[in-house]
Amino acid sequence: MVLSVDIEKTLGDFHLRVRFEAEREIMALLGPSGCGKSMTLKCIAGIQRPDRGRIVLGERVLFDSEAGINLPPQKRHVGYLFQQYALFPNMTVEQNILAGARGGTRQERRATVAEMVRTFRLEGLEKLRPSQLSGGQQQRVALARILAGQPELLLLDEPFSALDEHLKWQLELELSDTLKAFPGGVLFVSHSRDEVYRLCDTVCVLTEGKSDPKETIKELFAAPATLGAALISGCKNISPAEVRPEGLFCPDWGVTLRTAQPVSDRTRYAGIRAHYFTLEGEVNSIPCRVSRVIDNVFSTVVMLSTPGPGLLRLELDKDRWAALGEPRELTLYIAPEDVMPLTE
Amino acid sequence: MRNRSGGGWFPLFCALLALTALGLVGSNVAVIAVRGFHSLPACLTQPEVRFALGLSVKSACISTALCFLLAIPTAYTLTRSVFPGRRAAEIVLELTMSLPYIVLGLSMLILFSSPAGKWLKEAGFPVVFHQNGVILAQLIVNLPFAVRLCSAAFQGADRKLECVAGLLGASPAQQFLTVLLPLSRNALISAVILVWSRALGEFGATLMLVGVTRMKTETLPGSIYLAVSTNNLDAALASAFLLLVISALSLTAANLLGRTGKQRSRYV
Numbered sequence: 001m002v003l004s005v006d007i008e009k010t011l012g013d014f015h016l017r018v019r020f021e022a023e024r025e026i027m028a029l030l031g032p033s034g035c036g037k038s039m040t041l042k043c044i045a046g047i048q049r050p051d052r053g054r055i056v057l058g059e060r061v062l063f064d065s066e067a068g069i070n071l072p073p074q075k076r077h078v079g080y081l082f083q084q085y086a087l088f089p090n091m092t093v094e095q096n097i098l099a100g101a102r103g104g105t106r107q108e109r110r111a112t113v114a115e116m117v118r119t120f121r122l123e124g125l126e127k128l129r130p131s132q133l134s135g136g137q138q139q140r141v142a143l144a145r146i147l148a149g150q151p152e153l154l155l156l157d158e159p160f161s162a163l164d165e166h167l168k169w170q171l172e173l174e175l176s177d178t179l180k181a182f183p184g185g186v187l188f189v190s191h192s193r194d195e196v197y198r199l200c201d202t203v204c205v206l207t208e209g210k211s212d213p214k215e216t217i218k219e220l221f222a223a224p225a226t227l228g229a230a231l232i233s234g235c236k237n238i239s240p241a242e243v244r245p246e247g248l249f250c251p252d253w254g255v256t257l258r259t260a261q262p263v264s265d266r267t268r269y270a271g272i273r274a275h276y277f278t279l280e281g282e283v284n285s286i287p288c289r290v291s292r293v294i295d296n297v298f299s300t301v302v303m304l305s306t307p308g309p310g311l312l313r314l315e316l317d318k319d320r321w322a323a324l325g326e327p328r329e330l331t332l333y334i335a336p337e338d339v340m341p342l343t344e
Numbered sequence: 345m346r347n348r349s350g351g352g353w354f355p356l357f358c359a360l361l362a363l364t365a366l367g368l369v370g371s372n373v374a375v376i377a378v379r380g381f382h383s384l385p386a387c388l389t390q391p392e393v394r395f396a397l398g399l400s401v402k403s404a405c406i407s408t409a410l411c412f413l414l415a416i417p418t419a420y421t422l423t424r425s426v427f428p429g430r431r432a433a434e435i436v437l438e439l440t441m442s443l444p445y446i447v448l449g450l451s452m453l454i455l456f457s458s459p460a461g462k463w464l465k466e467a468g469f470p471v472v473f474h475q476n477g478v479i480l481a482q483l484i485v486n487l488p489f490a491v492r493l494c495s496a497a498f499q500g501a502d503r504k505l506e507c508v509a510g511l512l513g514a515s516p517a518q519q520f521l522t523v524l525l526p527l528s529r530n531a532l533i534s535a536v537i538l539v540w541s542r543a544l545g546e547f548g549a550t551l552m553l554v555g556v557t558r559m560k561t562e563t564l565p566g567s568i569y570l571a572v573s574t575n576n577l578d579a580a581l582a583s584a585f586l587l588l589v590i591s592a593l594s595l596t597a598a599n600l601l602g603r604t605g606k607q608r609s610r611y612v
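Those protein sequence lines, which keep their order, are chains D and Z. Following the numbering used here, the numbering of the first sequence begins with 1 at its first residue and continues without gaps. Following the numbering used here, the numbering of the second sequence begins with 345 at its first residue and continues without gaps.
Think of the hints as simulated: they come from the structure by calculation, not from any bench. Please note that the accuracy of each hint is not assured.
Unchecked claim - Have a look at the derived ranges for each label pair, beta carbon to beta carbon: (1) Z:PHE427 - D:VAL61: 51 to 61 Å; (2) Z:ALA592 - D:LYS127: 30 to 40 Å; (3) Z:ALA374 - D:GLY124: 52 to 62 Å; (4) D:ALA67 - Z:PRO516: 17 to 27 Å; (5) D:LYS127 - Z:GLY545: 53 to 63 Å; (6) D:ALA181 - Z:PRO516: 25 to 35 Å; (7) D:VAL61 - Z:SER458: 27 to 37 Å; (8) D:VAL61 - Z:PRO516: 20 to 30 Å.
Claimed, not checked - Straight-line C-alpha distance at most 30 Å; calculated DSBU-like pairs for lysine-lysine: (9) Z:LYS462 - D:LYS75; (10) Z:LYS504 - D:LYS42; (11) D:LYS180 - Z:LYS504; (12) Z:LYS504 - D:LYS168; (13) Z:LYS504 - D:LYS127.
Even for Gly, the Cβ is constructed at its ideal location relative to N, Cα and C.
Modelling step: build the complete structure from the supplied sequences, incorporating the hints.
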């Protein structure tokens, strides 16, 4: 075990209740804005103080409310990459990195800086100030500054939010290499399921301050267990559901669907991904009428009215939709393994 | 005159009142500038004016240094720590800013005439009717103002950068010296200049605590007071002109520095 977090914090009427354990892995904290992701990172870093609980990193207790332990940030050995990178504007690139180098003699620290400058391809930029750098260069300096101190844990707070769309891809590739080479654990905060899917091994979904159990990325996208996880993983069709002997009754769509996934008495919702519907099949048929057609960049989104009061969203390739020849009515099928029972 | 809100009588009305305000203030500046300038050469040769100028500059320098020695840690505590009674402390400091300074002088006179003040005098630090009192009066009058300016400077600096320094291993003292001070440097320098020029012009509290004794506790404002009371207008105007020049210079310096840094308003 590398990091174990079990904390509670109340801020006004917001309650944070986060519990997870992370190994030497790249773990995502995924959730919509305002769900408490950044607050969790700040508690781990020691910038915010949880009301109750315990944070343990390796062998070291960083925070324990009962034992009265609360290490200051400078003793936690945790690297924190802020959203806007927070480079010191009054220092050069070199001085910024030097500020991160810890311990050793002056010469050893200088050597660390030189090594980081090489690793992060910052040669020639050493004497510049942060304001003279591009967004990508700033991110590299911030990472170099953090890694110069050899932290045991890396915390990344939405590292791509400060960048233009076309820069993100290149930086994501670079960051992916850096993270894979990092010997300790990594916590990656994001609201983007795509980033998380590409960069992380495991994920902990946060919904309104409450954390779901940790799962692998593949599990989250194949079979999200909770409503929050289904929403953040991009599931577009969700109806309240009732467990009946013949299947899940979904009042919004007016149908009862068979599912291959386990249901329990805590199942409250059913979710279906918009591109998992088929137009032929044997079970789980839903007779629909086309209500609206929306052209996306590479796909067509069709909104369909169902036997119930709710709409279903179907997403398919443009060519496939065109081949159907603007039908007024359409019967959708969904395989039982693609009907996702969800808890609260 | 063009106005973004278009025509109408209201902008014109306000502009007329603005002209009136400018006239009221400007005519005073003009009187000192024109008449003071004429009497300056003659007065500068007088030992009394030179003494007053020397004492004013010396006491303002010492009191400003002491003032920031106290104001910077105070502002750091007020803006960077959470403790019970912080708001109360802020109110006490703000209260004395809006109090007439003669009232502060009166309370200082009582404080330093007390047994504690007499003990200070016997210990070799006389305050009442002494030049030390000039410095103390300037210090106490300016302290809340300096705390306010330093607090504004520290609030203007990005808290996140201090957090980052902490995460990189810097102790609170290192965070203060390597991050907060450099980030608020310009605002602090302009605060020093403003406080210094205010110390130079302090009169009310000084009058109460040390009085104005010719060639002993005579500051520039005190010299104006003495000159007018002996009907020597030329000498008074010369001293006034000196104060005007010094305040113009310090205002310019403070503004220039304030422009490069993220300094708030100078009416704080």
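Determine which of the earlier numbered hints do not hold for this structure and return their numbers in increasing order. 1, 5, 7, 9
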